[in-house]
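S.K.: When you get a sec, could you build the whole thing from the sequences and use the hints?
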Amino acid sequence: MDLRIIMLTGKGGVGKTSMAAATGLRCAELGYRTLVLSTDPAHSLADSVDLPLTHEPRELAQNFWGAELDALIELEQNWGAVKKYITQVLQARGLEGIQAEELAVLPGMDEIFSLVRVKRHYDEEDFDVLIIDSAPTGTALRLLSLPEVAGWYMRRFYKPLQGIAQTLGPVVNPILQRLTGIPMPTNEVMDAPYEFYEQIEALEKVLTNNAVTSVRLVTNPEKMVLKETMRAHAYLSLYGVATDCVIANRIIPDHVQDPYFQRWKETQQLYRQAIHDNFRPLPVYEIPLYQDELVGFAALERLKVDLCGETDPSKVLYTENTLRVVTEKQGYRLEIYLPGIPKSEVQLAKSGDELNIRVGNHRRNMVLPQTLAALQPIGAKMEDDYLRIQFA
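According to my numbering, the sequence shown is numbered sequentially starting from 8.
Be aware that a few hints might be false.
Here are the computed lysine to any residue pairs in the SDA-like style, where the Cα-Cα straight-line distance is at most 25 Å [claimed, not checked]:
(1) Lys272 <-> Val312
(2) Lys234 <-> Glu308
(3) Lys126 <-> Asp251
(4) Lys350 <-> Gln337
(5) Lys322 <-> Gln337
(6) Lys212 <-> Asn372
Hint data in this document are derived by calculation from the structure and do not stem from the laboratory.
M.R.: In structure tokens form, the structure reads like this:
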């Protein structure tokens with residue numbers, strides 16, 4: 008089978024790691040070669056399975072592997088030449104060796120290289136199912152926006168700069184080295200960012216193919232958690248990534264009758280209903296609050312049964328159409344699924360062949376299909392959770 012990618016995300020502390028591990032156990036039980044990969048900088052997958060894990064996949068049970076991403080290893084493998092050059096520049100400016108090396112690792116690079124790791128597993132086809140125990144929602148969404156942001160910089164700045172450097176390098180390099188002690192970047196250094204961009208651009212096509220990649224949102228029946236989950240659902244749709252289910256975790260069971268929990272149960276009941284109402288028609292899976300913490304395989308086996316039952320969690324549980332183009336008599340209509348977002352929160356602007364869509368603090372620079380690029384947007388409205396933009 009082709010690699011199936013399942014990404015679990017949600018607000019920090021809602022139980023993503025346990026759900027990822029339990030889903031992986033069920034997939035392995037069904038005979039799929041399954042890797043659960045933690046990309047959260049604050050790893051907890053090893054704690055969940057109660058076994059040590061490293062950067063490379065470790066077989067934990069039949070057909071079941073686990074790994075925790077080490078961003079520094081990925082950085083050295085993919086960005087080593089650039090890091091070395093930046094270190095040289097910083098040292099020439101008087102910084103000590105260790106300071107220069109630390110500053111050569113740009114902020115956010117650890118998050119970015121989780122994408123490279125996913126792309127490698129996709130290319131190598133060494134597993135049937137890749138389950139990503141993702142960072143909390145905000146970080147995960149920044150990762151999903153990276154391909155388009157990188158593409159914008161590559162088209163406008165990097166490729167022209169690369170051409171100038173290659174043309175003027177033989178003339179400028181001796182002068183630059185003599186005046187500053189800093190050499191011009193080599194071809195290896197200049198090529199690395201573009202090669203990296205090509206990898207994440209190719210991965211974007213995988214992440215937005217809802218037959219391959221699905222996001223599963225983990226939430227709790229609490230106001231703040233639910234609000235963030237709803238926003239995450241809308242932002243995922245903005246980036247063209249499909250959600251196929253919602254997992255409502257830590258539901259107090261009916262058999263708990265202690266008066267201490269009565270008010271809490273009543274509050275949970277309100278938010279349980281809100282979860283079903285706000286995410287319909289997505290399937291919602293409710294998981295009880297257990298008496299013991301979910302650590303080790305025995306606990307995960309119990310969660311696996313409650314979460315998956317006899318079903319196959321590697322299948323797409325719901326097909327969500329996040330983006331579509333509709334032909335009309337006077338032109339075209341671009342429809343983007345933005346559940347729960349009022350029109351007042353959406354800002355639109357078109358520049359050349361790009362449509363800039365801003366929702367809250369998330370922005371997408373969408374490269375339009377050629378058919379729409381030559382046209383102008385003449386109106387937009389929110390209808391049935393879709394942002395419908397008219398082009399003529």
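S.K.: Within 25 Å, alpha carbon to alpha carbon, are lysine 212 and asparagine 372?
M.R.: holds (15 Å)
S.K.: Between lysine 272 and valine 312, does the CA-CA distance stay at or below 25 Å?
M.R.: holds (23 Å)
S.K.: Below or equal to 25 Å on CA atoms is what counts here, so check lysine 234 against glutamate 308.
M.R.: Violated, because 30 Å separates the two Cα atoms, which is more than 25 Å.
S.K.: For the pair we were handed, lysine 322 and glutamine 337, check the Cα-Cα distance against 25 Å.
M.R.: violated (39 Å)
S.K.: Is lysine 126 close enough to aspartate 251, meaning Cα to Cα at most 25 Å?
M.R.: holds (21 Å)
S.K.: Keeping to a limit of 25 Å between CA atoms, is the pair of lysine 350 and glutamine 337 held or broken?
M.R.: holds (23 Å)
Checked against the numbered hints given earlier, this structure breaks hints 2, 5; the rest are met.
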